Amino acid sequence: MKKALSLIFILVSGGLLTVGFLVFDRYRKNPEQIFPYPYEFEAQAPAVKLDAPILIVGDRMGAYFAKFHSELADAISVNLAKPIKIQSLAKNGHGLHRTLHELRSLVQWPQILIYQGASEEFSELKFAPENARVIKKNFSTYKDDRIETALILYPWLSRLVYEPHSRIKLPETPTLLTEVTEENYLARLETELLLFEQQLIQLVNLSKDRNTLLILTTTPMNLDIAPKKVCAFASTIDIEKDLGDINEQLAANNPKAAYTSSSNLIKLYAGNSQLFFTHGQAANRLGLTDEAKKSMLQATAYDCEPWRATEVYNSIIRRVARDHQVILFDLSKLLENEWNKNTTFFDEIYPQNLYYDKGMKQLGLVIKQILKL
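Under the numbering used here, the letters of the sequence shown match residues 926 to 1298, in that order.
Since the hints were made in silico from the structure, they are not lab data. Careful: at least some of the hints might be erroneous.
As the list claims (entries may be wrong) - Label pairs and their calculated CB-CB ranges: (1) Asn-1267 x Ala-1182: 35 to 41 Å; (2) Pro-956 x Asp-999: 44 to 50 Å; (3) Leu-1111 x Asp-1215: 43 to 49 Å; (4) Asn-1265 x Thr-1074: 45 to 51 Å; (5) Gln-1012 x Gln-1250: 23 to 29 Å; (6) Leu-1111 x Asp-976: 40 to 46 Å; (7) Ala-1182 x Asp-999: 47 to 53 Å; (8) Glu-1073 x Val-1032: 40 to 46 Å.
This structure is a prediction, so every number in the text was calculated from the model and none was measured. Cβ coordinates follow ideal geometry from the N, Cα and C atoms, glycine included.
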């Protein structure tokens, strides 16, 4: 009997020690963080003191958007003695994760914050693709309202509830990737979209906490530019042959035959960006403008090279704005409405200046109403 009790005691003690070690090891490996981001910055961003009530943030699209701050200020400042000031922290190569990092360093937040970006989210490696499953699981844990509340009250619990994994350490200046291979793109895609949406929601919450009015903007895309790459899984010899035939039909000024062929193919094959783009060309030639725009927007979503914003990112921006009751300035829709009427872009990335002028006037009216000027 004594031997049996001693054995049970040893087994229970060993089990407790093992569990204790595993809990300690998990606690040791995990940082204390409410949001389970798979990256951490090596240092805090330098403190920034604003001298304007309106701030523009984002990536290269935000930086270009900010070039028209005078037009926006003039639209807001009608009947004012002095034009309102607008400042920008938008920078080339700065994904939303860096925008949030810089915003946390503000001495005082602005009255109005305008976000324009989503075009360079793949430009910096901010997580190890092999950790995608763990990252997804941790965010699923975070989305449980009970756990989120517990973490807000007791942040140290994050070291126990999240599954540990290696984290990317980000330097003060981003190291931009010169190329993103198809393999790397596909391995990162789902996690990048998850991170973007969660970071956007955090931007919303931070703005509300600091009594800042946030304006989210969609990112315009040049629909006349073909996708850079078709994903290998979405391409076959048969599809390539069929696409060649459709292009010959378009070249022979037979858009009706091309449209019929491409309509049948997009029902059979999903994910081929070039097929959707070509279908959009055929639909446009027949005057089916709405269908053409829809197909070309889908082409951006299926492009296997992340060189610009896509309709997927814009759909996330629209959804977050709707679900969290944030003001949305749909700049992309403004350009899409003008597509096929005039030349809307002067290169692959940036719209013609006159559309920024038009957009700033519209946005200025919105801000005037908000500020009751």
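For each hint, the structure was consulted:
1. About 29 Å separates the C-beta atoms of Asn-1267 and Ala-1182, a value inconsistent with the hinted range of 35 to 41 Å.
2. The beta-carbon spacing between Pro-956 and Asp-999, approximately 46 Å, falls within the hinted interval of 44 to 50 Å.
3. For Leu-1111 paired with Asp-1215, a C-beta distance near 30 Å fails the hint of 43 to 49 Å.
4. The given range of 45 to 51 Å is respected by Asn-1265 and Thr-1074, whose C-beta atoms sit roughly 50 Å from each other.
5. Taking 23 to 29 Å as the suggested C-beta distance range, the pair Gln-1012 and Gln-1250 conforms, at roughly 25 Å.
6. Hint check: Leu-1111 to Asp-976, Cβ distance near 44 Å, so the stated range 40 to 46 Å holds.
7. Between Ala-1182 and Asp-999 the Cβ separation comes to about 51 Å, which falls inside the hinted range of 47 to 53 Å.
8. At about 28 Å, the beta-carbon gap between Glu-1073 and Val-1032 misses the expected band of 40 to 46 Å.
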